[in-house]
Structures are given as C-alpha cells and as structure tokens.
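Taking the hints into account, I'd like the entire structure generated from these sequences.
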Amino acid sequence: MSQEVLAQRSGVSRRTIINLEAGEANVSLASLDYLAEALKVRFVDLVSAPATPHSKINELAWRGGDSESRAMLLGSAAASQEVQLWTWSLARGARYDAEPDPSGWSEMVLVAEGKLRIEFSDASLELGAGEHATYSSAQYYSYVNAGSETVRFVRNVIC
1 MSQEVLAQRS
11 GVSRRTIINL
21 EAGEANVSLA
31 SLDYLAEALK
41 VRFVDLVSAP
51 ATPHSKINEL
61 AWRGGDSESR
71 AMLLGSAAAS
81 QEVQLWTWSL
91 ARGARYDAEP
101 DPSGWSEMVL
111 VAEGKLRIEF
121 SDASLELGAG
131 EHATYSSAQY
141 YSYVNAGSET
151 VRFVRNVIC
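For the sequence shown, the positions run 1 to 159 when the UniProt record's numbering is used.
Simulated from the structure, these hints should not be mistaken for lab results.
C-beta: ideal position from N, C-alpha, C; glycine also.
Hints may be right or wrong, so weigh each one.
[Claimed, not checked] Between beta-carbon pairs, the in silico distance windows are:
hint, residue 1, residue 2, range
1, Y96, L6, 45 to 55 Å
2, L39, A94, 44 to 54 Å
3, E4, S103, 41 to 51 Å
4, A91, S124, 12 to 22 Å
5, M72, Y96, 25 to 35 Å
As structure tokens, this is what we get:
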C-alpha cells in the first residue's frame, strides 16, 4: 500500500506517515489507531516488535516534551464482553485464593507498591513495583503479599 493510499484510508496526513516511517514523528495514539485500522492490523501489532508476546509488550507508544511524559503499552489481551478495572491491597502475610474464571478470561496486574507473588498450580510469578503480568484466569491462582509492607496493585479482568 502506498503512503498516499494509507493517508487516504486512515485520515492521517502523508507527511505524518513519512515522518513516522523515518522515526521522526511522535504521533497521537488516535492516529496510530487510524493507521492500524487502515492496515487491517490490531493496534498492538502495529506498535510492538514482531513475535513479541502480547503479555509482555513493553513498548513506548507516546512521548511528551520531556523524559517524564510518556505512555508505555505493557500488555494486551483480547476482550469479548468487558474489561473490569480493580485496585487491590494485601497486608503483610495476606493472600487471596481465586477460583478459576470461565474459559477465555484473563487478567492483567500492575504492581504499584510492594511485592506480589501470583501462584499458579505449576508456577509462580513475583512482581515488584512497576512490574506487570498478563495470564489466563481460567485456572486456580492466588495473590500473595511477598514483602514486608502492604502490596498495592491494579488488576484488569478481561472477559
């Protein structure tokens, strides 16, 4: 597809597309959405490196005028019904044992403070502040405070 056709289909200017291809543009997230739609690919496939698992994308998707202003795409999971946004905290030594969700459900967790261990029947993940995980929640799992202070985290349930 030519730059001109892509510009027409996406509504993004040809100049912006040229600058984006050259790595000189910092386009809006909405423009990236329009480009992905015009290319018939998903947003995450457009902005992430090839063969990157959607559970660990970790790509800079936007940057502001200084290094403290940025948006990182951490992970992605397909949703067919809804996405729920939760905040959680577990005191030192606390745990939450979850029942399996229906098939096809998943979760994304981002730790804000402390240390969180997510235990599965065959493995576990230990996450510190700023770390994240994406996994199927259609299995038994537990949240465990793995540190000496309260752990605080954000949880998305994708169904």
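Hint check results:
1. Y96 <-> L6: 45 to 55 Å: Holds, since Y96 and L6 (Cβ atoms, about 47 Å apart) stay within the stated range.
2. L39 <-> A94: 44 to 54 Å: Distance hint for L39, A94 holds at roughly 46 Å.
3. E4 <-> S103: 41 to 51 Å: holds (45 Å)
4. A91 <-> S124: 12 to 22 Å: Given about 20 Å between the Cβ atoms, the range holds.
5. M72 <-> Y96: 25 to 35 Å: holds (27 Å)
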